[in-house]
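Chemist: Residue strings, one per chain:
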Amino acid sequence: MSDETTPSAQLTAGGESPAVRLPLRDRRSLGGVVNALRDYVIVLSVAVVFLVLTFSSDVFLTSTNLLNVLEQVAPVGIIAIALTYVLIAGEFDISAGAIAAFTGVVAAKLANSIGPWEGLILGVLAATGIGLLNGLLIAYGGINSFVCTLAVGLMVAGVAVLITKGFLLTVPGDTFATLGTSELLGVKYSVWLLVAIVVLFAFVLHRTTFGRWLYAVGGNLEAARLSGINTKMVKVSAFAISGLAAGLAGAIIASRTSQGQAGDGISTVLFAFAAVVVGGTSVQGGRGAVWRTVFGLLLLALIGNGFNLLSVEPIYQQIVQGAIILAAVAADALSRRQAA
Amino acid sequence: MPRREGGDVAAAVQPVPGPAAHVEVRGISKHYGGARALEDISLQVSEGSIHALVGENGAGKSTLGKIIAGAIHPDAGDLLLRGRPVTFRSPREAIRSGIAIMDQELALVPTVPVIDNVFMGVERSRRGVVSQSVQRRLFAEYAARIGFEHSPRTDTGRLSTADQQKVAIMSALAREAELIVMDEPTAALTRREAERLLETTRDLARGGVTVIFVSHFLADVLALADVVTVLKDGRLVKTAPAREETEESLVTAMLGRSLELVFPDPRPPREGAPVRLSARGLSRPPAFSDIDIDIHEGEIVGLAGLVGSGRTEIARALFGADPASGTLELDGRPLRHRSPGRAIRNGIVMLPESRKDQGLVMLRSITENVTMPHLSAVASRGVVRRGEERRVAQEVLASVDARAASLSMPVSSLSGGNQQKVALAKWLIRKPRVLIADEPTRGVDVGAKRAIYELLCGLAAEGIGILLISSELEEVLGLSHRVLVVRGGRIVGQFDRSEADEERVMRAAFGGDPSRRNGGEEMRIPDVG
Chain A
1 MSDETTPSAQ LTAGGESPAV RLPLRDRRSL GGVVNALRDY VIVLSVAVVF
51 LVLTFSSDVF LTSTNLLNVL EQVAPVGIIA IALTYVLIAG EFDISAGAIA
101 AFTGVVAAKL ANSIGPWEGL ILGVLAATGI GLLNGLLIAY GGINSFVCTL
151 AVGLMVAGVA VLITKGFLLT VPGDTFATLG TSELLGVKYS VWLLVAIVVL
201 FAFVLHRTTF GRWLYAVGGN LEAARLSGIN TKMVKVSAFA ISGLAAGLAG
251 AIIASRTSQG QAGDGISTVL FAFAAVVVGG TSVQGGRGAV WRTVFGLLLL
301 ALIGNGFNLL SVEPIYQQIV QGAIILAAVA ADALSRRQAA
Chain B
1001 MPRREGGDVA AAVQPVPGPA AHVEVRGISK HYGGARALED ISLQVSEGSI
1051 HALVGENGAG KSTLGKIIAG AIHPDAGDLL LRGRPVTFRS PREAIRSGIA
1101 IMDQELALVP TVPVIDNVFM GVERSRRGVV SQSVQRRLFA EYAARIGFEH
1151 SPRTDTGRLS TADQQKVAIM SALAREAELI VMDEPTAALT RREAERLLET
1201 TRDLARGGVT VIFVSHFLAD VLALADVVTV LKDGRLVKTA PAREETEESL
1251 VTAMLGRSLE LVFPDPRPPR EGAPVRLSAR GLSRPPAFSD IDIDIHEGEI
1301 VGLAGLVGSG RTEIARALFG ADPASGTLEL DGRPLRHRSP GRAIRNGIVM
1351 LPESRKDQGL VMLRSITENV TMPHLSAVAS RGVVRRGEER RVAQEVLASV
1401 DARAASLSMP VSSLSGGNQQ KVALAKWLIR KPRVLIADEP TRGVDVGAKR
1451 AIYELLCGLA AEGIGILLIS SELEEVLGLS HRVLVVRGGR IVGQFDRSEA
1501 DEERVMRAAF GGDPSRRNGG EEMRIPDVG
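Protein chains in written order, with this note's numbering: chain A, 1 to 340; chain B, 1001 to 1529.
Take the hints with a grain of salt, since some may be wrong.
From the derived model, a few chain A residues whose C-beta atoms are all more than 12 Å from chain B [as the list claims (entries may be wrong)]: (1) Asn68; (2) Thr175; (3) His206; (4) Val217; (5) Met233; (6) Val320.
30 Å max Cα-Cα, derived DSSO-like pairs, lysine-lysine [as the list claims (entries may be wrong)]: (7) A:Lys232 - A:Lys165; (8) A:Lys109 - B:Lys1431; (9) A:Lys232 - B:Lys1238; (10) B:Lys1238 - B:Lys1356.
It should be emphasised that the hints constitute simulated quantities derived from the structure, not laboratory data.
Just so you know, even glycine gets a beta-carbon here, dropped at the ideal spot from N, CA and C.
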């Protein structure tokens, strides 16, 4: 535990009586520095990349380019925001990409038989149902979440192929394309949806009892249970929410292209995962924030945009993104070791 | 911390005559946070002897064993191996010096065959390829030596505890250990198995292996050891040849109150106070069975017993954290709860054994930890009212006198004592009916201990029924109105405050009388006392 003789600025600032000493960890130590860096390095990084691109490319700082970046990132961003919940709860969901693709397929199929809006809504509901199933299997079946969502993701991707028989399912007409292509005040619906989800998810995470439970469950499952929290319900909810978000992402993609395409969505979910982790949400649960994921998304998206604008080989983009992820996870591990 | 002077508990180091010391510790001390584990311990263990370490829970015997085995690093003092000072930075270095440890929790991989566990880390290999024939030959040798009868290919996890312990011994042999530290090796064994293990241990010693035998079971110790060292509160009471000792004399040596602790006198529950919580026939085999407990309004009931006796399991069952059969009544009404959530709603709360693993979410803020069980009290329609939350947290933390520079700091930034106060405070936002306090002062300094004692007595005075569990006997005796003693998952003794003394409770807990070990089995040494 804490070393009682460690000098600490907070100790005197707190006006401690000598009767009960309150030894605080020395925040000036390596761990303190790492924690501070971990808190703000992501904001700083986004600012630096933004400035560099502003000066190195004429096209970068135009509303067309920036809105384009946001529109590109909207579906995966929605998945990433919800994945933040799952990671904070100490679990992982690798099926989100597959569920998104599946949603597009279901939506396109039903759009052609029932109606465009009905198709999209039922697709999102189906996605939520799959997320719920993930949650039930993990919370009540005690299955490891990585393995469970991998398996469910594979099955969902397979069913999607069965539905499409390997073809693209095209949806004629403008109604189906509204969600992905129409604009409000010059900004795409999909971007508005992302913004709404960021605000809503941040509010729920930081202001509601459910948000607290997510942190408690991921931070110390047994302590949460012994505090009377229904830990299974919290986990099931996190996965259902992740399924819902994947459904929305899938609906946006299908609507934008007016088609449903089967796929495993692995690259989508890995990008989302990278954004969450780069933002500073811990892979070990109990720590993280929605704003972090927003900045993580921005960093990865801006780097991708910059590489395009500056015509750098895409392969370098991967290497750079990989290095950033590694740095983020290493910083988390280091600060955890300090806190242990 | 003031050094204790004189008296019959003074550290009297008596060098044991005979062969040269295999290991010697000089002035070893070890602290965890503010809590003392060992203070200025010096002793010698002679080559080929069986040296027992005995003492109450928390006396420091396991810590001392682990220091000798290189698993724990002392804060001060020297470790000498055959007269040469050594510093073990890891168990691996200790192993290279011929020292192995058999832990309370056996460090075996359950999913691999026995033979792989035996040679794990010391595989006999030729150019990186494991030499199966050499290993099989050595294995047969070890198995014959200690009487292991299963195939070397058996999955380790499928063996009984006794056989797994033999695997651990074989593993020590494979490491060519000259000194084996055995930490409570017989605790999980049946009588017959224990006896066989003692025989094996004797054989090892006859073959020249030095054994350090850490145990609660005084009869085992007297039957086996050449030399016994008694520890009390991290200090060495005495080291003496085992043949000069009896169970009586060992228990007497463990007695004696720490001078540093003063207990508040708990106000007795009012005359005719009704029963708050009543359990009948509570069972969860094999942890415990047929437990009857009554906790009255304003009463502190102490649950004493050795670690592993079933104390904590009983507490968890009362709280609904583990399922159990039997009936519960709260204020005369039958109670069914299968989850902590239901128990909490009924006003039964538990301060769990380990605040780090079970009590607190260390990464989260002090405020969040305090309001966690009663978050709805400071929320409307699921949204936390943060001003209200802060106010409530501040109030309840002030009531337990927890000090923090800022309530938004992670709870991990606090000292052990303040963490424990936070873990207690979270249950006081709504006044509970019954508080189960499992090791409420573990790992906290003396000042915080005293504060927690006052708090518990204060809560009892408010009419809360308290079940107090502690490994520190004097704590149970000092605070409880009534003491129940648990041994082998059963309540084996009940003492009122006036009649509860250390000796009586210890005898019941250790099973000094004929019903030792899991109740009812015959005593190994009938002529003790």
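Chemist: Checking each numbered hint in turn, tell me which of them this model violates, lowest number first.
Modeler: 3, 4, 5, 7, 8, 9 and 10
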